[in-house]
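Sequential numbering from 37 applies to the sequence shown in this note's numbering.
No lab work stands behind these hints: they were computed from the structure. Predicted model only: the values in this text are computed from it and were never measured. One or more hints might be untrue.
DSBU-like, lysine-lysine: derived pairs with alpha carbons at most 30 Å apart [unchecked claim]:
1) Lys110 <-> Lys184
2) Lys53 <-> Lys184
3) Lys142 <-> Lys53
4) Lys319 <-> Lys289
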Amino acid sequence: MSVVFLNGQFLPKEDAKISPDDRGFLLADGVYEVTPFYEGVPFALDRHLERLEGGLAFMRISYSVDLIAAMHHKLIAENGLTDAPTALVYLQITRGAAPRTHYFPKDPVEPTVYAFAKAWDRPTPERWDQGFSVATVPDRRWSRVDIKTIGLLPNAMAFQDALEAGADDALLIRDGVAIEGAHMNFWGVFDGTVVTHPRSNHILPGITRGVILELAAEHGIPCVERAIQVEELASAEELFFTGTTGEVRPCVKVDGAPVGDGGVGPLTRRLAELFRAKIEETKSAAVATGL
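With the hints as extra help, turn the sequences into a complete structure.
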């Protein structure tokens, strides 16, 4: 039986009730975060909470995140996921239930806070070694992609377009630039240098993205933040994505054309190894401190 968190209570999922007047349901008026856990240890939870605070401030939703970390740990435990190799907590905060208007409620309402935990699976080593394919899709999202809102219809449609084209994922294109995936950040390797789009209002500043940038700098891997033009994709030595559950995900085919030699490249493999090592380091530190 799945246990969820709703407005201060832990309860069976089937008992969780949300008002049909909730502005998240009616207007996508809310934000969310997804935090990974490895054998009961959260990865970069502090960074997720920092981003969440920024999103709440931008949306002008008044809610303190002080107790959210403890809630995450309890939700993992309540669902028997403490020993799960890989799990996650999805958290969504909306402005709350109020009569439907295109402006904020005149009278204050309590935000709706909902979270659930579940296991997720990494690709098998054999599947990861095959790499993944993408289809290019126009970026139809709004101009503040850096805010992690629940309004994900353009992402969902892009992903569906890619699946119908026979690809594993979507690569969003805006004004001739390969921006990011439908749910992950995008990277390329050109002349031995790792490249990813700079932070802006047109990309989500992924937590995994930030960790990879730090790991590249720490281990002397050349890395720059700049726009990747669509025309450059044909000359890329490697392409890959990063994300919470995607971790480091190799891309070996774009619109049916192979990337580089058609296999997973050495820098993609190296960064994936470094990222896995960072996860193990985080787990060991948690055990050492008794967290």
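Cross-check of the supplied hints:
no. : hint              : result
1   : Lys110 <-> Lys184 : holds, 24 Å
2   : Lys53 <-> Lys184  : holds, 24 Å
3   : Lys142 <-> Lys53  : holds, 24 Å
4   : Lys319 <-> Lys289 : violated, 34 Å
Of the numbered hints stated above, the single one contradicted by the structure is hint 4.
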